[in-house]
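Hey, can you work out the whole structure from these sequences and the hints?
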Amino acid sequence: MKTLAILASAFFAAQSGCSQEDVSFLDSLGSSFGVAGNTAFDYVVVGAGTSGSTIAARLAEDSDVTVAVVEAGGFYQIENGNRSVVPGYSVFNFDIFSAPVTDWGILSSPQSGLDDRQVQYSRGQAFGGSSASNFLVFHRPTRGSMELWADEVGDDSYKWDTVLPYFKKSATFTPPDPATFPANATPSFNESAFDNSLGGPLQISYGGYTPEALVPFLNGFNDIGIGPAEDFNSGDLLGANWVTNNINPENNHRSSSQTAFINPSIANTSITLYPNTLARRVVFDGTTATGVEVTTGRATYTLSARKEVILSAGAFQSPQLLMVSGVGPEARLTELGIPLVHALEGVGQNLQDHPVFTVSQALNIPTSSQWNSFSAAGYAEAEAQYISNRTGPLSQNKAVIGWEKLPNRDGLSDATKTALDALPDDWPELEMRVSPYYLGVTKPDPAAQFTTVFGTIISPLSKGSIDIVSNSTEDLPVVDLAYFSDQGDMEQAITALKRIRDLYASSSLTSLLDGPEFVPGPNVTADADIESYIRENTGTIFNAAGTTKMGKADDAMAVVDPQCRVYGVQGLRVVDTGSFPFVPPGHAQSTAYMLAEKIADDIKNGN
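With the sequence shown counted from 1, adding 9 to any position gets you our numbering.
By construction, these hints were calculated from the structure, which means they are not laboratory data. C-beta atoms are modelled at their ideal positions from N, C-alpha and C, and glycine is treated no differently. Hints may be right or wrong, so weigh each one.
[What the hints assert, rightly or not] Pairwise CB distance ranges (calculated): (1) A188 x D434: 34 to 42 Å; (2) P174 x R341: 34 to 42 Å; (3) V44 x S422: 58 to 66 Å; (4) E354 x A393: 53 to 61 Å; (5) K316 x F42: 16 to 24 Å; (6) S121 x D430: 23 to 31 Å; (7) E390 x A188: 17 to 25 Å.
[As the list claims (entries may be wrong)] With a straight-line Cα cutoff of 20 Å, these simulated PhoX-like cross-link-like pairs (lysine-lysine) come out: (8) K613 x K316; (9) K472 x K426; (10) K414 x K507; (11) K426 x K507; (12) K168 x K561; (13) K426 x K414.
In structure tokens, the structure reads:
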């Protein structure tokens, strides 16, 4: 078996376009693959994404414990090659989000708030999950948001100071290399926000190259009242700075939950992996979860759990698994003929996400547009540089981010103002993420030097839902994002787009503008026209949360308790972004790791 793995390593390296180091983990697989057939383990983890890989690997650290990991996909290094491994491909080769072999291919239901458009929603189908295909943005939520989390679930262990050790446990931080930044543009950072002595396996850094066109935006943010932030990993997001990325600085490859947690685990523990295996349902004895029915190829069998089943299938498919297994809204399960195990009305409800739209403008200085796929020659040059020494545009996904509460609230209704004022003082309402390229539907002039500001609503008031169409997980769940179902979100979005224009009109940027605004365009000025543009062009930043929300026992919509145990049944937890009580400010990646680390400790401590 070990010899076969070594041969496979060399073969897949050649076939996928990855270097040998990308697939060297295959050499350690040996007997780590499970064999199709009824088998018992202490823990069965469904989903090897950001949270699932983390909690499985942490539980497997105990040599007396057996852990099975069920993953519907395979290994992204093999199946998607450099398109997943190379950081720059996450933006310069945007097809990564529709790669059928590493993505579930989920489309939302038609969205009335988006003129009945459907939204393509990337969900990773591979070891590493969405950490294998995300935009590599890594930062932590705010101190106030974690205080609110603790209050909402009635558990002080979620307060910032208490969870900070779990944020630190996952990651190792490499400070910025001034040689890779323009003069006087090296990011400020708080090194004490990390503790590298813990040996956190996820690698956090800044990549190996910096587009100089981003530097003026730091000054532009300051011009419009968004001053410098020390960093984005110390519990405060308000301000502007470079954002850290999950990039391994040793080779400038993507660092994912697979490379960080699964790979070391297969080398050092008895963890058992079931790749390309679909979880069909949780098996119950009464109201006690006893295992998971799965299918690999044509074989359907049961992986029994002596202690617990842990669902980490993500905010869309964990609630689906609960429902097809008989845990969920009673009326809906009855309608579909699914035998009821326990009625939980909150399963699939409370979906929150961050809608995003863009403003694009050409500059009269070089950006990264020449490196993207609109310019074949520049793209080839970037690839050659990366292959040669792992540097250049493809070695990074740099961004400058400015976070703020909307300073002009004239366009907000009293109801919206009241809802936003109820959030913690440190909770941003708008994220402006500046990227040195064009990303949009309209194909631009390949000779133009574009920048794009992603405007993201960080305090959404709308709530969507997840539904199922059958009792089979072979049928994808129905995802209703419900974007702009609360008019307050549109009020925020219109105000936000105007704020992005303020940035481009700042004294530090006006002299750099090359021609009129490309998207949405200089004729889109009236609120009604801005609203139409937003409805026609809004997408997602992929932060779905809350569909199996954590809450107090008396919360009718709560699905899991503060230890992520599913209410009303035994031996079953849900540990992923669906378990968040709400979508936290910013990007969810670090919080998904934190939750898995925390719950792994809870389990080890008998909670």
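- Query: Within 20 Å, alpha carbon to alpha carbon, are K168 and K561?
  - Reply: Roughly 16 Å between the alpha carbons, so the hint for K168 and K561 holds.
- Query: So the hint says 34 to 42 Å: do the beta-carbon atoms of A188 and D434 match that?
  - Reply: Given range 34 to 42 Å: holds, Cβ gap about 38 Å.
- Query: Within a Cα-Cα threshold of 20 Å, do K472 and K426 meet the stated pairing?
  - Reply: 18 Å, holds
- Message: Holds or violated: the 23 to 31 Å window for the beta-carbon distance between S121 and D430?
- Response: 28 Å, holds
- Item | Status of the given 16 to 24 Å range, CB of F42 versus CB of K316 | Holds, at about 22 Å.
- Query: Keeping to a limit of 20 Å between CA atoms, is the pair of K613 and K316 held or broken?
  - Reply: Given pair K613, K316 holds - Cα atoms ~12 Å apart, limit 20 Å.
- Is 58 to 66 Å right for how far apart the beta carbons of V44 and S422 are? Since the Cβ atoms of V44 and S422 sit about 60 Å apart, the hinted range of 58 to 66 Å holds.
- Pairwise beta carbon distance, P174 to R341, judged against the given window 34 to 42 Å: Given range 34 to 42 Å: holds, Cβ gap about 40 Å.
- Query: Given a hinted range of 17 to 25 Å, is it respected by the beta-carbon distance of E390 and A188?
  - Reply: 21 Å, holds
- Query: Are the Cα positions of K426 and K507 separated by 20 Å at most?
  - Reply: OK: K426 and K507 at ~18 Å, within 20 Å.
- Hint says 53 to 61 Å; check whether the CB-CB distance for E354 and A393 agrees. 56 Å, holds
- Item | Restraint check for K426 with K414, where alpha carbons must lie at most 20 Å apart | 11 Å, holds
Consistency with the previously given hints is maintained throughout, with no hint failing.
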